[in-house]
Structures are given as structure tokens and as C-alpha cells.
Amino acid sequence: MIIQKNPVMSAISLIANFFCIAGLYLLLRAQLLAVLQVVVYTGAIMVLVVFVIMLLNLGDEERLSERFDIKKIVGVVIVCGFLLEMVYIVGFSPDTAGQTQLSPNAEQLGQIEAMGSAMFGKFILPFESTSLLLLAAIVGAVILAKKRP
Amino acid sequence: MITLESYLSLSAILFSIGVVGVLTRRNVIVVFMSVELMLNSVNLTLIAYSAYLGEITGQVLVFFVMAVAAAEAAVGLAIVIALFRNRQTVNIDEVNILKW
Numbered sequence: 001m002i003i004q005k006n007p008v009m010s011a012i013s014l015i016a017n018f019f020c021i022a023g024l025y026l027l028l029r030a031q032l033l034a035v036l037q038v039v040v041y042t043g044a045i046m047v048l049v050v051f052v053i054m055l056l057n058l059g060d061e062e063r064l065s066e067r068f069d070i071k072k073i074v075g076v077v078i079v080c081g082f083l084l085e086m087v088y089i090v091g092f093s094p095d096t097a098g099q100t101q102l103s104p105n106a107e108q109l110g111q112i113e114a115m116g117s118a119m120f121g122k123f124i125l126p127f128e129s130t131s132l133l134l135l136a137a138i139v140g141a142v143i144l145a146k147k148r149p
Numbered sequence: 001m002i003t004l005e006s007y008l009s010l011s012a013i014l015f016s017i018g019v020v021g022v023l024t025r026r027n028v029i030v031v032f033m034s035v036e037l038m039l040n041s042v043n044l045t046l047i048a049y050s051a052y053l054g055e056i057t058g059q060v061l062v063f064f065v066m067a068v069a070a071a072e073a074a075v076g077l078a079i080v081i082a083l084f085r086n087r088q089t090v091n092i093d094e095v096n097i098l099k100w
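Order-wise, the sequence lines are chains A and B. So the first sequence is residues 1 to 149, counted in my numbering. So the second sequence is residues 1 to 100, counted in my numbering.
Treat the hints as calculated values from the structure; they're not laboratory data. C-beta: ideal position from N, C-alpha, C; glycine also. There could be a bad hint or two in this list.
With a Cα cut of at most 27 Å, we get these calculated BS3-like pairs of lysine-lysine [said to hold, decoys possible]: (1) K99(B) to K122(A); (2) K71(A) to K5(A); (3) K71(A) to K99(B); (4) K146(A) to K72(A).
Distance windows between CB atoms, simulated [to be verified]: (5) I70(A) to E94(B): 31 to 41 Å; (6) T89(B) to S129(A): 29 to 39 Å; (7) V142(A) to E94(B): 22 to 32 Å; (8) L134(A) to I13(B): 29 to 39 Å; (9) Q88(B) to I78(A): 31 to 41 Å.
Build the full structure now, drawing on both the sequences and the hints.
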């Protein structure tokens, strides 16, 4: 996705990536979130992104005159160092409580009943605050994108 | 056998790819998509821990992260549209009025 010139190809690669991540959620027995990933991320956010790309009629991103920009190389090197550090932490940490297989109640956890009872039980405050956040986002998006008369 | 470490490594790799996308690309919509990729890698970490430790908290947090990401997508793309309407470009190198 990050090396495509055309932003539409980039968006399509990201859509494929989101479908793969939804499949991974199914492997982890998180059925509700797999469906939500497809519906919300792929079906709403990426469709919105593709709409905006088409609306602005963006062409291919022009490359700089030379391909080897020093800023990009420094960025990639720093991120490689960051990635090596994360892989070191994951690989050489003490055994994460001996977890080599899924927890026995992972089946019930991913179902909608468990998520619903958690959402309306322990997590009622974030749930209601999210509705306020979505209201603010809707109003903000409409105002920002309006044509000024 | 798929251990927890495999999911964490995959999440780290996806996160790094997202960071490279944010640092390297000049199109503001591709930068935005790289941020979404980073959010998805964190979602994968949360769900992996939730499945391997038997807690529901990770999955509920992913639900809220998805809601926040949707709200941020709407507002961010509205900003991009307003930006394009004023400056006729989506190249972030040219959006530099705030530089001193």
C-alpha cells in the first residue's frame, strides 16, 4: 500500500488488508468484531476514502526528481530499528504466562452476548460517551465540508 | 501451533509499515490510510491478548477504537476536502503556512 503511486490502488490494497485482518479475528474466535471490521472499516471508512479520492480527482503522485530521497531513507531506517526492537521484545520476553493456545472460554467471549453484557454492564460510560463523540464528529464533518456561500 | 507471539509480531510489522507510510508518502489521503493501518494493528494486538488470556476487555476496547476511527475518518476527510478546496493540492509538503 505504501509504495503504490496511484492512491486508488493504495486504497484497494488496504481493503484487501482489512479483509485479511477480519479473517484473523475469526481465527481468534472474535466473531462480532470480525463482522464489524468488514462492515465498519471496509464498508464505511474505505468507501468514504475512495469517494474522496474520486471526488478530488487525484492522479498519480509525482515522484521527486531523484528516487533516493535522503529523508525517506532515514525514515525507513528508523522504522526498521523500531521494528527490530519490537520483535526483540516479543521474541525474547519471558514466556507470556505460558500462552500457547487460546483460552478455554474464548469461544463464548467473542459472541455478541458476552460483548453486549460487558458493554452495558462495566463499560456503560464509554458507550454513552462514544455516542456523544459520534454526534460531534457528524456535526464537525458537515460544517467543515460545506461550501461557503 | 499459532502462539500469541505470532500475532504480536504480525501486529508489530503492520504497525511499522503504517509508520513508514506516514513518514514517507506525500499524499495526505495515503498518510491517513497509513494511520488507519496502525490502528488496525493495535486492534489485532488487543484481540489476540483477549483471546489468549480469556478477558473480554480487549474486545470491548477494540469496539470503541473502531467507533473512534470511524468518527476520525469522517472529520479527517472533511478537513482534506476543505484543504483541497482552498489550496488545490493534497501534497502535504505544500501545506506549510504554519511553519516559522
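Here is how each hint holds up against the structure:
no. : hint                          : result
1   : K99(B) to K122(A)             : violated (45 Å)
2   : K71(A) to K5(A)               : holds (18 Å)
3   : K71(A) to K99(B)              : holds (18 Å)
4   : K146(A) to K72(A)             : violated (36 Å)
5   : I70(A) to E94(B): 31 to 41 Å  : violated (20 Å)
6   : T89(B) to S129(A): 29 to 39 Å : holds (36 Å)
7   : V142(A) to E94(B): 22 to 32 Å : holds (27 Å)
8   : L134(A) to I13(B): 29 to 39 Å : holds (31 Å)
9   : Q88(B) to I78(A): 31 to 41 Å  : holds (32 Å)
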